[in-house]
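Undergrad: Protein sequence lines correspond, in order, to chains A and B.
Numbers given in our numbering equal positions in the first sequence, counted from 1, plus 118.
Numbers given in our numbering equal positions in the second sequence, counted from 1, plus 1139.
Do not rely on the hints blindly, as some may be mistaken.
Stated by the list, open to error - Below, simulated DMTMM-like cross-link-like pairs (lysine to aspartate or glutamate); rule was C-alpha separation at most 25 Å, straight line:
no.	chain 1	residue 1	chain 2	residue 2
1	A	Lys160	B	Glu1198
2	A	Lys119	B	Asp1166
3	A	Lys160	B	Glu1242
4	A	Lys186	A	Glu174
5	A	Lys119	B	Glu1161
These aren't lab readings, by the way, just hints derived from the structure by calculation.
All figures in this text were calculated on a predicted structure; none of them were measured in a lab.
Below, each chain spelled out in residue letters.
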Amino acid sequence: KQEVTQIPAALSVPEGENLVLNCSFTDSAIYNLQWFRQDPGKGLTSLLLIQSSQREQTSGRLNASLDKSSGRSTLYIAASQPGDSATYLCAVQGGATNKLIFGTGTLLAVQP
Amino acid sequence: GAVVSQHPSWVICKSGTSVKIECRSLDFQATTMFWYRQFPKQSLMLMATSNEGSKATYEQGVEKDKFLINHASLTLSTLTVTSAHPEDSSFYICSAPGTGALEQYFGPGTRLTVT
């Protein structure tokens, strides 16, 4: 059974810092991995999707990497801003079912 | 991009009543939709996979008779919480895969509070 864990569970940083969020998964037979952002009481916003054949994806200040063999992904946020404050979720999709298994989430607070 | 809507965005109901939540794909067709539940400060847990024209597939531990799913068209799936109890209070989110089946598009969620 696939299990997805995120570390740290919560993170507070001053504005301007670069930071790394970690995601690990137990079954490396994944189809792709996605990073999402969730604001309080809201739905999900897709940030980046990495296919299993890819090593990383970049969008603006965000960079996500994937090491499938070790079951790990990282989300790097450069020059953090207060508007980045949210919960960040990673999710893996395996096989042909399109089901997403979500991680435990990291609650990020960027202090102005 | 593809848009998924949910209705209502929030609902308060009394214990013992039933509540229906709608999930619609607005500009694409979805033969499959997924229903998730999220308790406060927890991650999303997949409840069931809704299949257009056939029965839904429920995850282990989810009561199919309590959470009724109907996927009657290619753009609409409904989740009915029957005989709701306070412990059913949660944030319910649906999603649908895009045409390329790589990405999933999420609805804005429905906050259910059972009093």
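Undergrad: List in ascending order the numbers of the hints, as given earlier, that are violated by the structure.
TA: Hints 2 and 5 contradicted; others consistent.
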